[in-house]
Amino acid sequence: MARYDLTLNPMEETRFLKKHRVLALSLARQVHFSFQEVEAILIIYYKIQKYDTYDPKGITRDVLMEVFHCCLDMTDMEKVIRIITCLDEKARDVYISKELWCNMLSLFLRGTIEEKMAFCFKVYDYSGSGHLMKENLFKLLVGSLKSNIGESDAEEAVKDMVEVIMKKMDADRDGKISFNDYRYNVLRQPDLLEFLGQCLPDRHTVHKFLCTFTENTKIRFYKLKLGTSIM
1 MARYDLTLNP MEETRFLKKH RVLALSLARQ VHFSFQEVEA ILIIYYKIQK
51 YDTYDPKGIT RDVLMEVFHC CLDMTDMEKV IRIITCLDEK ARDVYISKEL
101 WCNMLSLFLR GTIEEKMAFC FKVYDYSGSG HLMKENLFKL LVGSLKSNIG
151 ESDAEEAVKD MVEVIMKKMD ADRDGKISFN DYRYNVLRQP DLLEFLGQCL
201 PDRHTVHKFL CTFTENTKIR FYKLKLGTSI M
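Here UniProt numbering is used: position 131 in the sequence shown is 131, and no number is missing along the way.
Incorrect hints may have been included.
[Stated by the list, open to error] Straight line, CA to CA, 30 Å or less: simulated DSSO-like cross-link-like pairs of lysine-lysine: (1) K159 to K79; (2) K57 to K122; (3) K19 to K79; (4) K57 to K168; (5) K218 to K167; (6) K47 to K18; (7) K176 to K159; (8) K134 to K98; (9) K208 to K79; (10) K218 to K139; (11) K134 to K159; (12) K116 to K168; (13) K47 to K208; (14) K57 to K79; (15) K167 to K98; (16) K122 to K139; (17) K208 to K50; (18) K167 to K116; (19) K19 to K122; (20) K98 to K218; (21) K208 to K218; (22) K116 to K47; (23) K208 to K18; (24) K159 to K218; (25) K18 to K79; (26) K159 to K208; (27) K98 to K208; (28) K19 to K98; (29) K167 to K47; (30) K208 to K116; (31) K139 to K116; (32) K176 to K19; (33) K218 to K79.
Everything labelled a hint here was simulated from the structure, so no lab data went into it.
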């Protein structure tokens, strides 16, 4: 049996993998990882759980926030809290399950453009209305400028930015950005995927994280031409 982590006791690793074999098989059918990669990801979960004052119930949200900061290079904690909420919006639990851990990494490391668009839009849609209004855009953008140019100047600058964004992204000109508007633009210009701020790890960070548990470190690149559909 191949060893995933030489820092763990071999018997300890074997016991853990046997205990979670059924879960790993089930997850491998749902995510963008092989069975062996899922096992390795579960070992990472176990090590984080074990070495952060071991809690048998699992990794806590606070610990996951540290993972975002240290391992995924996402340091805006207010945005990270929002991202975690969108990942786990039904459970609202203090603990992060192994299933959520694997699904999160599947999205971040191997997610399709459709999966990433759906997730980023959900992060931006604070109201849950299915649309982004000018007020939503203002709220998301103003904080990033306040610290650099002052509050009053930032608000004026953001108002101008909001008008530019609405003109660009509101494809059907109804005064709001729907998911279809967002999808229409991102499929033609993938750089707009995170147009209102980071929701996903960058490519360099994704590659580094993949290197910790697999040799398959190929990263998806989205080069879509005008009129392309990947439904």
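request  = Verify the proposed pairing of K167 with K47, using a straight-line Cα cut of 30 Å.
outcome  = violated (48 Å)
Given hint K98 paired with K167 - CA-CA distance at most 30 Å = violated (42 Å)
key: K19 paired with K79 [C-alpha distance capped at 30 Å]   = It is violated: about 35 Å lies between the C-alpha atoms, which goes past 30 Å.
task = Below or equal to 30 Å on CA atoms is what counts here, so check K159 against K79.
result = Holds: K159 and K79 sit about 21 Å apart, inside 30 Å.
ask   = Given the hinted pair K47 and K208, is their alpha-carbon gap at most 30 Å?
value = Holds - the C-alpha atoms of K208 and K47 are around 18 Å apart, at most 30 Å.
query = Are K159 and K208 close enough, with their CA atoms no more than 30 Å apart?
reply = Not OK: K159 and K208 at ~37 Å, beyond 30 Å, violated.
inquiry  = Check whether the Cα positions of K57 and K122 lie no farther apart than 30 Å.
reply    = holds (28 Å)
query = Holds or violated: are the alpha carbons of K47 and K18 at most 30 Å from each other?
reply = Status holds; Cα separation ~16 Å.
Restraint status (C-alpha distance of K98 to K218 at most 30 Å) = holds (24 Å)
inquiry  = So if I understand the rule, the pair passes when the alpha-carbon distance is 30 Å or less; does K208 with K116 pass?
reply    = holds (19 Å)
ask   = Straight-line Cα separation of K98 and K208 no greater than 30 Å?
value = Distance of about 21 Å is within 30 Å: holds.
inquiry  = For K18 and K79, compute the direct alpha-carbon distance and say whether it is at most 30 Å.
reply    = violated (37 Å)
The structure fails hints 3, 4, 5, 8, 10, 15, 19, 24, 25, 26, 29, 32 (numbered hints given earlier, in ascending order).
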